[in-house]
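Mapped onto our numbering, the consecutive letters of the sequence shown carry residue numbers -4 to 176.
If you are wondering where the hints come from, they were derived from the structure by calculation, not from laboratory data.
Some clues are possibly wrong.
[As the list claims (entries may be wrong)] Pairs of lysine-lysine residues, derived as DSS-like cross-links and limited to a Cα-Cα distance of at most 30 angstroms, are as follows:
#	residue 1	residue 2
1	LYS31	LYS11
2	LYS63	LYS103
3	LYS63	LYS144
4	LYS135	LYS11
5	LYS144	LYS39
6	LYS31	LYS135
7	LYS135	LYS103
8	LYS103	LYS11
9	LYS31	LYS42
10	LYS63	LYS11
11	LYS39	LYS103
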Amino acid sequence: MHYAIIDARSVGLEIKNANGPRLIEVGERIKQAVRKTYTPVHPKNDKIRQVTIVEFTEPVRQASDGTKMAMNTVVVSPGRFDRCPCGTGSCARLALLHARGGLHVGEKLAHQSIIGSTFDCHIRGTTTVGGFDAALPTVKGNAWITGFKYMSLDPSDPFPTGFRVGDQWHMPEPSGERIVE
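Start from the sequences and build out the full structure, keeping to the hints where you can.
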């Protein structure tokens, strides 16, 4: 996955609940605009391409104990926020901060979400990926079980392993005729 990382102030916004609908609207528009003009491709896996998530950020600030702190929120389609600072989003932000000289190996960053949940992050080292400089991020946070789901397979189900709607609509009928195009 690739991120478009945007300073929320650059579009006249702050990361706070009251701005949620506007952040989502602007984030989706930014994602579509980026997709029309730029297609990033992972240097070692060309199937990982295109910007899939917009991450809004606010400037890094220094806490009284010296820890760097920053706020973010990620907009995931179709117009939702992650409740946490987002693990992959935090990794992307760490890499960007490091590349721009704003976060050094071993330096800590408390990365906070739009609802106040926090990940403790740092860069543990550097490497290269496909000839590009890369950071080795570490992200620590909490997770809670929010539900359980029980699934079963009915032996008479004609699709026991599931289906994808995009495939289903274009499957030939047993007689060879096609269903709705």
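Hints, one by one, checked against the model:
1. Pair hint LYS31 plus LYS11 holds up; C-alpha atoms about 28 angstroms apart against a cutoff of 30 angstroms.
2. Straight-line distance between C-alpha atoms of LYS63 and LYS103 comes to about 6 angstroms, which keeps the hinted pair within the 30 angstroms bound.
3. Restraint check for LYS63 and LYS144: not satisfied, since their Cα atoms lie roughly 39 angstroms apart, outside the 30 angstroms limit.
4. The suggested pairing of LYS135 with LYS11 holds, with an alpha-carbon distance near 23 angstroms, which does not exceed 30 angstroms.
5. With a C-alpha separation of about 35 angstroms, the suggested pairing of LYS144 with LYS39 is violated against the 30 angstroms cut-off.
6. Straight-line distance between C-alpha atoms of LYS31 and LYS135 comes to about 35 angstroms, which puts the hinted pair past the 30 angstroms bound.
7. Between LYS135 and LYS103 the alpha-carbon distance is near 11 angstroms, which keeps this suggested pair within the 30 angstroms criterion.
8. Under the criterion of a C-alpha separation no larger than 30 angstroms, the hint pairing LYS103 with LYS11 is consistent with the structure, at around 23 angstroms.
9. The straight-line distance between the Cα atoms of LYS31 and LYS42 is roughly 18 angstroms, inside the 30 angstroms bound, and the hint therefore holds.
10. Distance restraint check for LYS63 and LYS11: the Cα-Cα separation of roughly 19 angstroms lies within the 30 angstroms cut-off, and the hinted pair is therefore satisfied.
11. Between LYS39 and LYS103 the alpha-carbon distance is near 28 angstroms, which keeps this suggested pair within the 30 angstroms criterion.
Violation of the numbered hints given earlier is confined to hints 3, 5 and 6; the remaining hints are satisfied by the structure.
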